[in-house]
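There are 2 protein chains.
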Amino acid sequence: MERVTATYYIETPYAPERAAEVLAGEQSSGTFVAVPGETQELKQRFAAKVESVEVLETVNEPAIPGALSKEGKYHRAIVKVSWSIENFGYNLPVMVSTLQGNLYEITQFTGLKLMDIELPASFGEKFNGPAFGIEGCRKLTGVQNRPLIGTIIKPSIGLTPLQTADMVKILAEAGIDFVKDDELLSSSANSSFDDRVNAVMKVINSHADRTGKKVMYAFNISGETDEMLQRYEKILKSGGTCAMVSINSVGLSGAKKVFDQRQLAIHAHRNGWGMLTRHPLLGIDFRAYQKIWRLAGVDQLHVNGIQNKFWESDDSVVNSIEACLKKMYDHKTVLPVVSSGQWGGQAFETYRRTKTVDLLYMAGGGIMAHPMGAAAGVVALQQAWKAAVDGLTLEEAAKQYKEFAAAIAKFGKK
Amino acid sequence: MERVTATYYIETPYAPERAAEVLAGEQSSGTFVAVPGETQELKQRFAAKVESVEVLETVNEPAIPGALSKEGKYHRAIVKVSWSIENFGYNLPVMVSTLQGNLYEITQFTGLKLMDIELPASFGEKFNGPAFGIEGCRKLTGVQNRPLIGTIIKPSIGLTPLQTADMVKILAEAGIDFVKDDELLSSSANSSFDDRVNAVMKVINSHADRTGKKVMYAFNISGETDEMLQRYEKILKSGGTCAMVSINSVGLSGAKKVFDQRQLAIHAHRNGWGMLTRHPLLGIDFRAYQKIWRLAGVDQLHVNGIQNKFWESDDSVVNSIEACLKKMYDHKTVLPVVSSGQWGGQAFETYRRTKTVDLLYMAGGGIMAHPMGAAAGVVALQQAWKAAVDGLTLEEAAKQYKEFAAAIAKFGKK
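Chain order of the listed sequences is F and Z. Every position in the first sequence, counted from 1, becomes a number in our numbering once 1 is added. Every position in the second sequence, counted from 1, becomes a number in our numbering once 1 is added.
Okay, chain F solo, but in the shape it has when bound (with noise of 0.2 Å):
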């Protein structure tokens, strides 16, 4: 019988075996005492096994409250645990119920991170993953050989549906690929979502008829199911492509009834992520919060940065995009999607680390603040990703490209 098998970084006072065991007890079969009906049979076929533990370092201070050492050492270890897919299915929410549940309540451990997961063959025909991926959002948008370009509209909140729709033509007319609300806006006192449907999708398919280039614009559809499912229908009626999703607010269950559409593409944002994997001991890491994604359908994915705004370092972003564009089954790919303080000049370390163009990649200010306006800010975003495929330096690329050269000198290191 196939299994599931989760990786987890752990921290404990214990023994790492035994608090393992404890782990996959409280997870499966365990309970308090024994109580009647518990066989060894039934034990066998429905308990959590622990598969490995593998030692690492022991401290001195607990990372998270828990269970106290006497003698003052908490040891870390990497532990695997698999279950048998009898015991859940092809149900994602019981599933993360069962690898990332009352397990971090367990006293017995001061540090808990579900860092992996091994899925079984089965889930690949049972899941159809993205229905898009990258493929299809470089078929919507027709790039090819370069990272998608795109911008979130700022101000996050307060424009009306037709200042939002007056600045998505200048980014149109300014060869952008891709726009997106904020996560912040859905449907505001002044700018309600179908008037804003209504007002952009005007614009986009308008330039789509005379420049045969439809832009991606990903209306934050975020909401109740029924509110989401309607707000769905409205974009794939007035033209659009892209409906954007806040997974985290939202939830597995109806973000997937929403992905199960399959006829727009799924712009996944994580906001809310920093609470789920900040602390190195506690949570859950990227590479398997991706895996559960992709199986409900996701197709484009937030990870961050090169040199972001935000607390998560280079290595993280760079292993994030990495997980994103590993294949899993034959599904369609996950698009990774760059932002936070990108302004072009992380595209040569973006580039130098991941060697890969298959990147939605986002900046903000750094297109509609260009000192020679945002078609100039666009240029200067497709310069930098030109010259760090070709192998230039920053510095290179600036004498080459007038527009890029702007750009360092409005939003490089001063």
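Don't read these hints as lab results, they were simulated from the structure. These numbers come from a predicted model, not from an experiment. There could be a bad hint or two in this list.
Just so you know, same-sequence chains aren't split out, so a pair can sit in one copy or run between any two.
[Unchecked claim] Keeping only pairs whose Cα atoms sit at most 27 Å apart, straight-line, the calculated BS3-like set for lysine-lysine is:
| hint | residue 1 | residue 2 |
| --- | --- | --- |
| 1 | K50 | K310 |
| 2 | K310 | K44 |
| 3 | K44 | K235 |
| 4 | K400 | K327 |
| 5 | K71 | K414 |
| 6 | K170 | K50 |
| 7 | K81 | K356 |
With chain F held as given, fit chain Z onto it using these hints.
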């Protein structure tokens, strides 16, 4: 215009006032450079506002990774930030993205936890809250003036529907009020959801016909949205009164779609909660969490238990019970679910500290493994609670009640 106010416990290497302004900017109209269209009037209307900053202690080590302090000083503070409801209206997922979104990414914080939310009056009308709450759950089970006594079918996973039904028969005859699936079981290879409902409800309906008492069984419907709705309907048609949902795994939008049916009591299981709250300076506190889920419509919500087997302190459990019992608008009040390692001995301390019997008191092994049998296990729990309310000590109760005395002998501290 009404505002939503969030209280955060923060840590920062900067002046707390400055860090709070960064948070407010990031979560409303902020971007890294000024852009056209960002007028003062617009800022005024949609900008988040720092309402207060109460500076607390300074520490020498950051709680979580973030910006480094040159002086090695990290300042803690309680900050309140408010948003106009014009920003998100009555959209819970977007409110969550605003209050708990990218702010966890901000490098200026080395700790950030959402402690509480003050919601405006109009939320009380726009959201219906629990369909049943304490009052409705008491009516459905016919239990007044004492806690509802409940248990979880153990082993968590592995029993066939008939084995589960046999246990329910023993428990019903023992006088139990409430029984639930474990969160690990929804539909397993040897216990399909429908078969389990059929087998269990046959027992419960037949017991109700004979005795007039209908045991409330919380079937775990957690799954995809349509699947949950089908399972909900199945319970309803079979004469059941309650559905269980793993709220963190299912997520807000899918869960609310189910809750909005308002025909079954909703048993909200918070597995995964430890990940969101266990670190003192990351995530969300139960006070804030329970408000969001009450708006969504949960009737019963897990709070752990006094002297539990998990990491949570008794103080935290008491705070959670009090949070649930606090009136919210004219909504029905949510029933706190006390569980984890409970066997009746904790009734005394639970009552002493909370002075309430408005609880669903869950014991697992404490009932099924009672030395005189399950019926005596249920009786022992009722005795413990009667004794606690009557002001007896555990020792006095042991002298008066033989079933409870036997429970102490088996489960009390050795």
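field: Numbers of unmet hints, in rising order
entry: Of the numbered hints, 3, 4, 6 and 7 do not hold.
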